[in-house]
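**Q** Each chain, written out:
2 protein chains.
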Amino acid sequence: MKARDRGFKEATRIEEARRIFYEALQTVSLPSEMIPVQGSLNRILAEDVGADASVPAFEKSAMDGYAVVAEDTFGSSQTNPSLLKLVGESKIGELPMKTLRKGETIAIATGAPVPQGADAVVMVENTKRLDTGDVEMYTAAAPGENISHIGEDVKQGTVVLERGRKLKPPDLGLLVALGRETVSVVRRPKVAILSTGNEVSESGPVTSGRIVDVNRPVLMAMVEECGGVPVDLGIAKDDAEEISKKLKRGLASADLVLVTAGTSVGKGDLVPDVINALGKPGMLVHGIAMRPSLPTGLAVVNGKPIVSLPGLPVSAMIAFSTFVQPLILRMLGTEQDPQPKIRARATKRIVGVPGFRTFIRVLVREKEGKLFVEPLRAPGSGILTTLTRANGMVVVPENVEGYDEGAEVEIQLFRPVERGEGAGRP
Amino acid sequence: MKARDRGFKEATRIEEARRIFYEALQTVSLPSEMIPVQGSLNRILAEDVGADASVPAFEKSAMDGYAVVAEDTFGSSQTNPSLLKLVGESKIGELPMKTLRKGETIAIATGAPVPQGADAVVMVENTKRLDTGDVEMYTAAAPGENISHIGEDVKQGTVVLERGRKLKPPDLGLLVALGRETVSVVRRPKVAILSTGNEVSESGPVTSGRIVDVNRPVLMAMVEECGGVPVDLGIAKDDAEEISKKLKRGLASADLVLVTAGTSVGKGDLVPDVINALGKPGMLVHGIAMRPSLPTGLAVVNGKPIVSLPGLPVSAMIAFSTFVQPLILRMLGTEQDPQPKIRARATKRIVGVPGFRTFIRVLVREKEGKLFVEPLRAPGSGILTTLTRANGMVVVPENVEGYDEGAEVEIQLFRPVERGEGAGRP
Chain A
2 MKARDRGFKE ATRIEEARRI FYEALQTVSL PSEMIPVQGS LNRILAEDVG ADASVPAFEK
62 SAMDGYAVVA EDTFGSSQTN PSLLKLVGES KIGELPMKTL RKGETIAIAT GAPVPQGADA
122 VVMVENTKRL DTGDVEMYTA AAPGENISHI GEDVKQGTVV LERGRKLKPP DLGLLVALGR
182 ETVSVVRRPK VAILSTGNEV SESGPVTSGR IVDVNRPVLM AMVEECGGVP VDLGIAKDDA
242 EEISKKLKRG LASADLVLVT AGTSVGKGDL VPDVINALGK PGMLVHGIAM RPSLPTGLAV
302 VNGKPIVSLP GLPVSAMIAF STFVQPLILR MLGTEQDPQP KIRARATKRI VGVPGFRTFI
362 RVLVREKEGK LFVEPLRAPG SGILTTLTRA NGMVVVPENV EGYDEGAEVE IQLFRPVERG
422 EGAGRP
Chain B
2 MKARDRGFKE ATRIEEARRI FYEALQTVSL PSEMIPVQGS LNRILAEDVG ADASVPAFEK
62 SAMDGYAVVA EDTFGSSQTN PSLLKLVGES KIGELPMKTL RKGETIAIAT GAPVPQGADA
122 VVMVENTKRL DTGDVEMYTA AAPGENISHI GEDVKQGTVV LERGRKLKPP DLGLLVALGR
182 ETVSVVRRPK VAILSTGNEV SESGPVTSGR IVDVNRPVLM AMVEECGGVP VDLGIAKDDA
242 EEISKKLKRG LASADLVLVT AGTSVGKGDL VPDVINALGK PGMLVHGIAM RPSLPTGLAV
302 VNGKPIVSLP GLPVSAMIAF STFVQPLILR MLGTEQDPQP KIRARATKRI VGVPGFRTFI
362 RVLVREKEGK LFVEPLRAPG SGILTTLTRA NGMVVVPENV EGYDEGAEVE IQLFRPVERG
422 EGAGRP
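Chains A and B supply the protein sequences, listed in that same order.
Throughout, this note's numbering is defined as the position within the first sequence, counted from one, plus 1.
Throughout, this note's numbering is defined as the position within the second sequence, counted from one, plus 1.
These are computed hints drawn from the structure, not numbers from a lab.
It is possible that some hints are incorrect.
Computed list of lysine to aspartate or glutamate pairs in DMTMM-like fashion (alpha-carbon distance at most 20 Å, straight line) [what the hints assert, rightly or not]: (1) B/Lys92 - A/Asp239; (2) A/Lys342 - B/Glu367; (3) A/Lys371 - B/Glu411; (4) B/Lys169 - A/Glu225; (5) B/Lys167 - A/Glu226.
Some chain A residues judged to face chain B by a derived CB distance under 7 Å, without partners named [unchecked claim]: (6) Thr111; (7) Asp154; (8) Val155; (9) Gly174; (10) Val215; (11) Pro218; (12) Val219; (13) Pro341.
Covered by chain A, according to a simulated footprint, are these stretches of chain B (three or more residues, beta-carbon under 8 Å) [claimed, not checked]: (14) 109-115; (15) 174-180; (16) 220-228; (17) 339-346.
Predicted model, so just to flag it, every value in this text is computed and none were measured.
Yeah, the Cβ is synthetic: ideal placement off N, Cα and C, and Gly gets one too.
Taking the hints into account, I'd like the entire structure generated from these sequences.
**A** Put into structure tokens, the structure is as follows:
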């Protein structure tokens with residue numbers, strides 16, 4: 002990293018970079034689309050869902066039993082039952098015709114509408130039907146007992162699910178309960194991904210002298226995880242014309258374009274120069290005060306965002322999480338899900354780079370009920386296995402030098418804590 | 002709930018119920034299947050992935066520049082460059098023919114193989130190519146500088162990803178880097194879902210007297226979230242023959258069968274009786290020491306698991322998280338992802354049911370930088386909106402009465418914390 006970074010005289014802080022980027026982007030929201038409720042899991046709601054009708058839409062019985070005028074049962078007990086006249090039955094899916102009067106009862110099933118006049122349901126196991134057609138009630142029912150009231154769950158006219166919400170299983174249940182078969186969600190953003198570099202080739206068997214492009218498969222998976230749709234632009238050689246042609250294709254077909262590598266001291270500013278030639282305002286920020294991922298660039302071309310990611314896979318991934326994921330959430334108009342965080346004791350000093358936000362891959366382990374965190378040695382941010390071995394990330398802020406051995410630090414946990422003595426795979 | 006629960010004289014504790022269930026199930030693991038790496042995100046690895054070759058597979062340059070014998074550059078500086086004879090070029094994808102001798106250098110691109118004899122690369126910007134064909138080196142290179150060594154990332158023969166791992170973007174990158182195009186993953190479990198009840202009907206517009214079946218859409222989404230494939234068995238009336246026929250279909254087509262409702266005091270043990278008639282050992286546990294979801298049942302029929310879930314949607318969801326999700330993870334041979342948890346101060350007393358594990362839906366809010374948690378009133382576990390309004394769950398253990406107002410409690414957070422004064426939607 003050190004050498005590649007040398008070209009950057011100034012680095013912009015992460016928040017400042019985002020501010021400049023979002024200001025230039027102005028509107029980034031996506032159109033909506035109507036889809037079936039059953040296929041809407043994890044999609045982002047594009048409408049405020051209001052209740053056209055109350056849920057329940059009518060008074061219904063919560064039990065199998067007998068609808069009564071509660072007063073008729075007051076004082077009833079096993080030894081002193083009250084006797085009511087059976088005058089009908091309330092069935093599921095049919096509104097009862099009959100109005101219940103004092104001294105009368107109606108058989109009722111769970112979910113069936115409560116007849117007018119009734120204000121309680123006595124459970125069937127607390128009753129006895131006599132041959133005479135009368136029913137004995139062995140308990141007193143309080144007014145309202147065993148009745149689900151109109152609007153108890155949802156009141157007609159209220160907004161129950163707000164625009165921007167990520168739809169989860171209970172939300173699907175509520176939509177269905179409201180009688181909805183389709184729902185308006187935000188269209189998934191299309192994210193085009195281009196790798197650059199003479200040194201990388203398409204995936205496939207590794208042969209001598211061949212380096213497989215890791216960035217595209219990784220970034221495509223990351224886009225998917227954020228709720229986007231990846232568009233594969235392939236690999237461009239370190240050639241301005243080829244990069245330009247492929248980026249144009251990306252801008253035409255996607256909502257957001259990612260391009261990896263093509264900017265380092267050795268290669269010059271190939272990608273930034275190409276982006277600047279594509280349209281205004283071009284590169285806004287190039288060089289971010291973060292380690293790794295310093296060579297990240299943020300650009301806008303004719304209203305569309307382009308993020309120029311570093312070529313080393315770990316740097317590309319960390320830059321993605323820092324800039325691309327928040328941008329995708331912004332386009333979708335939603336918030337990030339809560340992230341698992343834990344605290345653990347550092348087994349080694351964790352060192353940051355002063356003035357830079359430092360992202361350190363770590364391994365969190367439990368030993369004898371205590372949590373320990375070990376920074377993983379990373380000889381270079383090309384080393385993929387530091388990320389596959391890591392189960393968490395420690396972020397050292399710009400104004401913190403690091404954390405001493407033995408200090409308790411906060412970790413973003415993305416895999417389960419390792420149990421026992423295992424040192425993790427090499 | 003109270004009335005429906007009355008039928009259960011004894012309730013089995015959650016861990017004991019799981020133990021009995023898993024013991025009767027014996028083997029629950031699923032077969033594996035080979036799929037393309039690019040489609041393997043979030044699938045569970047069914048093989049230990051070893052490295053057939055080291056990564057990098059050869060010494061390669063980390064920079065554009067010149068391969069040298071480091072010793073030749075010792076003492077070099079801007080004012081006192083060393084002069085080396087250019088004898089060739091190392092190209093990407095070609096193994097260099099030439100062996101470098103002292104006094105010689107070879108032009109080399111990032112990613113190109115380092116020739117025999119060379120042990121460092123001098124970056125191009127610290128060199129000057131003379132017209133004579135010689136190259137001036139303005140810095141001293143340490144042995145190993147700017148060279149990625151064989152096996153630096155992965156050593157041949159080591160296991161880098163273990164069976165049972167959920168594949169995440171960096172794992173896909175590592176697989177690709179190893180030259181893998183396909184990967185062996187555990188087949189997704191098929192989970193068949195049957196709703197029962199005369200009172201519920203298929204989803205669609207709500208009309209008077211019609212109650213939409215909420216459980217199937219919700220449970221299907223939950224199965225999907227756990228990495229399973231839902232199989233819809235529809236709705237069965239409260240009729241033993243119909244339930245039996247549909248459960249048989251489920252057992253024939255799926256790895257796990259879920260059935261909701263059909264067990265309460267009013268309806269008798271319709272579903273449990275049907276399950277017991279289907280095969281041995283039948284219902285193993287019926288009635289769990291938890292609130293809500295007491296009427297949950299765990300069964301095994303001819304080696305296949307059946308989980309009988311309560312009919313009320315919230316109860317069904319909590320029982321699913323408690324029993325079905327862990328079972329699916331067990332079938333997949335994997336661990337649960339780390340879950341976001343936070344601590345907040347209770348704004349009201351949070352009450353458990355002694356002897357039962359109590360699951361309380363809560364709303365967590367931030368006010369002036371502090372976190373507060375409020376239990377949501379739940380007049381019944383049929384009330385879906387308590388789950389859609391909630392952003393978290395507090396679990397009160399069996400031996401705890403509850404938490405006082407003002408106490409700090411731990412919350413499983415499943416949605417972002419609410420900011421500001423908003424009281425949440427009704």
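**Q** Does each hint fit the structure? Answer for all of them.
**A** Okay, the hints, checked on the actual structure:
no., hint, verdict
1, B/Lys92 - A/Asp239, "holds, 14 Å"
2, A/Lys342 - B/Glu367, "holds, 17 Å"
3, A/Lys371 - B/Glu411, "holds, 18 Å"
4, B/Lys169 - A/Glu225, "holds, 11 Å"
5, B/Lys167 - A/Glu226, "holds, 13 Å"
6, Thr111, "holds, 5 Å"
7, Asp154, "holds, 5 Å"
8, Val155, "holds, 6 Å"
9, Gly174, "holds, 4 Å"
10, Val215, "holds, 4 Å"
11, Pro218, "holds, 5 Å"
12, Val219, "holds, 4 Å"
13, Pro341, "holds, 4 Å"
14, 109-115, "holds (count 5)"
15, 174-180, "holds (count 6)"
16, 220-228, "holds (count 6)"
17, 339-346, "holds (count 5)"
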